[in-house]
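Engineer: Sequence:
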Amino acid sequence: MASTPHQSNGNKSASNTDNNSSSNTRSKPKSRIHVSNQYIFEPQLQDQLRSNGTISSREDNFRLLGIQWISDIGKALQLPVRTFCTAATYYHKFRLIHKDNEYHYHDAAAGALLTACKIEDTLKKSKEILCAAHNLKVLPSEQLSSDDSIFEGHSKVVIGLERLMLEASGFDFRVRYPQKHLVKVSKELGIDKSVYLIAYNIMIDLYRTLAPLKQTSATMSFACLELAALIMDEKKHVIPRTQLIPLYENCSTTRTEVLETVLDLLDLYTHSQKSSIIGPLHHIDKFIQIQILLNQEIEHDSSLNQKSVVFEPHRVNGAKKTPQTPVTPASPEIRKNGNTNTSPILLSPRSASSGRRGGINTTRVPEITIRFMLDAEQARKEQEMVSEYFKTEYEEYEVEVEEPIRPPPRPERPNRNHTRGRDDRYHHYNSSKRARPIVSYRIAFISAAATYGIVVYKAFRARARATVYYPITSMSTANSLPAMALVWLWSSQYPLAMLPFGVYSIFHVATYTRTVLVPTFEAGSSNGSTATPKPNSIADTIGRFVKRYYDASMGLVAMLEISLWGRILLSSLTFSKGSWILLATYTIFLRARYAQSTFVQIQFRNLEARIDSLIGAQSTPPAARQAWDTLKEGLRTFHDSTNFQKHMSAGPSAPKKAT
Numbered sequence: 051m052a053s054t055p056h057q058s059n060g061n062k063s064a065s066n067t068d069n070n071s072s073s074n075t076r077s078k079p080k081s082r083i084h085v086s087n088q089y090i091f092e093p094q095l096q097d098q099l100r101s102n103g104t105i106s107s108r109e110d111n112f113r114l115l116g117i118q119w120i121s122d123i124g125k126a127l128q129l130p131v132r133t134f135c136t137a138a139t140y141y142h143k144f145r146l147i148h149k150d151n152e153y154h155y156h157d158a159a160a161g162a163l164l165t166a167c168k169i170e171d172t173l174k175k176s177k178e179i180l181c182a183a184h185n186l187k188v189l190p191s192e193q194l195s196s197d198d199s200i201f202e203g204h205s206k207v208v209i210g211l212e213r214l215m216l217e218a219s220g221f222d223f224r225v226r227y228p229q230k231h232l233v234k235v236s237k238e239l240g241i242d243k244s245v246y247l248i249a250y251n252i253m254i255d256l257y258r259t260l261a262p263l264k265q266t267s268a269t270m271s272f273a274c275l276e277l278a279a280l281i282m283d284e285k286k287h288v289i290p291r292t293q294l295i296p297l298y299e300n301c302s303t304t305r306t307e308v309l310e311t312v313l314d315l316l317d318l319y320t321h322s323q324k325s326s327i328i329g330p331l332h333h334i335d336k337f338i339q340i341q342i343l344l345n346q347e348i349e350h351d352s353s354l355n356q357k358s359v360v361f362e363p364h365r366v367n368g369a370k371k372t373p374q375t376p377v378t379p380a381s382p383e384i385r386k387n388g389n390t391n392t393s394p395i396l397l398s399p400r401s402a403s404s405g406r407r408g409g410i411n412t413t414r415v416p417e418i419t420i421r422f423m424l425d426a427e428q429a430r431k432e433q434e435m436v437s438e439y440f441k442t443e444y445e446e447y448e449v450e451v452e453e454p455i456r457p458p459p460r461p462e463r464p465n466r467n468h469t470r471g472r473d474d475r476y477h478h479y480n481s482s483k484r485a486r487p488i489v490s491y492r493i494a495f496i497s498a499a500a501t502y503g504i505v506v507y508k509a510f511r512a513r514a515r516a517t518v519y520y521p522i523t524s525m526s527t528a529n530s531l532p533a534m535a536l537v538w539l540w541s542s543q544y545p546l547a548m549l550p551f552g553v554y555s556i557f558h559v560a561t562y563t564r565t566v567l568v569p570t571f572e573a574g575s576s577n578g579s580t581a582t583p584k585p586n587s588i589a590d591t592i593g594r595f596v597k598r599y600y601d602a603s604m605g606l607v608a609m610l611e612i613s614l615w616g617r618i619l620l621s622s623l624t625f626s627k628g629s630w631i632l633l634a635t636y637t638i639f640l641r642a643r644y645a646q647s648t649f650v651q652i653q654f655r656n657l658e659a660r661i662d663s664l665i666g667a668q669s670t671p672p673a674a675r676q677a678w679d680t681l682k683e684g685l686r687t688f689h690d691s692t693n694f695q696k697h698m699s700a701g702p703s704a705p706k707k708a709t
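When you read off a place in the sequence shown, starting at 1, and then add 50, the result is the number in the numbering used here.
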């Protein structure tokens, strides 16, 4: 049944999967076209620097060092200014493609200068360039000639970088020489020679920035002349705005582009004043004042906002590429191409080891043919022509499929003879695994109640044999601990509650071993002899242990019991299941412990003194002190109202140490 692509109500929409599989077999040509860019916008530059993981301060440092190296070697070899401009342009384009940690900056500068010498027909060999760089750093007596063998290995590196310079520029040998336009604009505006000379030096400094990659020759000429006039600071040198606007239109430039170039120069003179020609000749305050003046002009006219060109980042498969966060690159000394005597083949854009990302010149896929073209329109026409042969056409159609109705599920059969399937056994295993902590928790309290029950039973038997009367209150604490153990046995799990009973059990077991087990074994080994039994070393050791650590352990138990009451109070505030009933029960137990145990009373006094010292600090607000006083008064009232020893005539006169 034929239908439109929008008719998919309840039917399975089937794409042409066979066509997809067959279209994948039709591989696209393993080549691409790279079109050189004469001009690069500021957002493109920043996006490329971010994608390379370049830090701003490190980028400025390497850029200024490389251009200064080119300038020094150019002066030593007496190269013309056009060679300097070409070398600086190639150096900037090379650094936009390759990371700083892949090469030495002076290697890249030497490669750019060698390429510029060949393009501008001022031929210099790589050894001559390296020799000039070496002779600038040594004394005249230590200078070498270009034929020296010391430059042999390094020259191969520079020759290898020459190819990378050409690839980075897209084999585009078109280079702008703004000095010619500077002369023409100066004559057109009638600029004095003093202003022109300053503007000429500013033009040289302009190549220390990235402005030559962004602006035309006319824009750079206007910017240098305007900055030179502002530096002269004389009214006769100020160029009238009415005279500039027609020239801007004739030269296809705008005031925004001129201001952007001037601000790039001012950033150079304010942040790297000593790394320029004009910067050291003037005080930095003059450049700051000029920058403030231009910023005020931009604020008054929003249309002059610099860097107003919007650049859409490169998209991969329809998704916008988000550059990674820049990280601190490694030192240039640690390069991927090894030492300076190694060929820079790893820096090739076709090499996968270079690790670069896309940007202005996108990442070049290994093992493909790259065609470098200068005419973008011709490249677009060729791509459209070739794409016709590799276009994949899809046909979408719908198919009605009858799906059988599933039968209702069968009722579950009852388990006979407790037989379970594989899934039931697995579930039972998991359930039993989760139940192990609960069983261990309950066994621990059963053991604690049993050990304490033995002690209570022995105490009752000893008192039954004696004819001495013991009050009921003295026996209440001994009975309350096994009863509380049974309460913990059936209540929610509180692991903290196991610690007091664990301490009790240690001493109960030790005492039972010393008083019952050891004499029993000694009596069996004596074979009925009536001689006086000798003291046993094990019994004496246990006795010393109990006598030494009993008081400290009972103090610890009292502190744990008080902490456990606070833990139950927190559960009650969160309205846990059964927490309020457990809080009331444990409060009665703790009140009985306070009445019978000196250790509990001491811990409560210590806790009260510690809180009093904290509340008594000067930084404590009065509301907190009042709340603490009210709480203490309420606790004392609760203690007096529940003190049943007052109403019993046979009560003990003083509290005794109770376990």
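Source of the hints: derived by calculation from the structure; they are not laboratory data. Every value quoted in this text rests on a predicted model; they were computed, and no experiment measured them. It is possible that part of the hints are untrue.
[Stated by the list, open to error] Across the chosen pairs, the derived CB separations fall in these ranges:
1) Q128 / E349: 32 to 40 Å
2) E427 / F223: 17 to 25 Å
3) G552 / L619: 21 to 29 Å
4) S199 / V233: 53 to 61 Å
5) E427 / D351: 53 to 61 Å
[Said to hold, decoys possible] Calculated cross-link-like contacts (lysine to aspartate or glutamate; reagent style EDC-like; alpha-carbon spacing at most 20 Å):
6) K324 / D314
7) K441 / E453
8) K187 / D283
9) K168 / E212
10) K243 / D283
11) K336 / E212
12) K125 / D255
13) K431 / E453
14) K187 / E202
15) K237 / D198
Even for Gly, the Cβ is constructed at its ideal location relative to N, Cα and C.
Engineer: Against each hint, give a clear statement of whether it holds in the structure.
Structural biologist: Results for each hint:
Under the hint 32 to 40 Å, the C-beta atoms of Q128 and E349, about 46 Å apart, miss the expected range. A hinted range of 17 to 25 Å holds for the C-beta pair E427 and F223, which are about 19 Å apart. In this structure the hint that G552 and L619 lie 21 to 29 Å apart at CB holds, the actual value being about 22 Å. Between S199 and V233 the CB atoms are about 45 Å apart, so this pair departs from the stated range of 53 to 61 Å.
Look at E427 against D351: about 35 Å separates their beta carbons, and that is not inside 53 to 61 Å. With a C-alpha separation of about 16 Å, the suggested pair K324 and D314 falls inside the 20 Å cut-off, and the hint holds. Note on K441 and E453: the hinted pairing is violated, with a Cα-Cα distance of about 36 Å set against a maximum of 20 Å. The hinted pair formed by K187 and D283 fails the criterion: a straight-line CA distance of about 39 Å is larger than 20 Å.
Of the pairs offered as hints, the one joining K168 and E212 holds, with about 10 Å between alpha carbons and a cut-off of 20 Å not exceeded. A C-alpha spacing of about 15 Å is found between K243 and D283, which places the hinted pair at or below 20 Å, so the restraint holds. For the proposed pair K336 and E212, the alpha carbon gap of about 41 Å is over 20 Å, so the pair is violated. Pair hint K125 plus D255 holds up; C-alpha atoms about 15 Å apart against a cutoff of 20 Å.
Of the pairs offered as hints, the one joining K431 and E453 is violated, with about 51 Å between alpha carbons and a cut-off of 20 Å exceeded. Annotation: proposed proximity of K187 to E202 holds, straight-line Cα distance about 19 Å (limit 20 Å). Distance hint between K237 and D198 is unfulfilled; the C-alpha atoms sit about 48 Å from each other, more than 20 Å.
Hint compliance for this structure: hints 1, 4, 5, 7, 8, 11, 13 and 15 are broken, all remaining hints hold.
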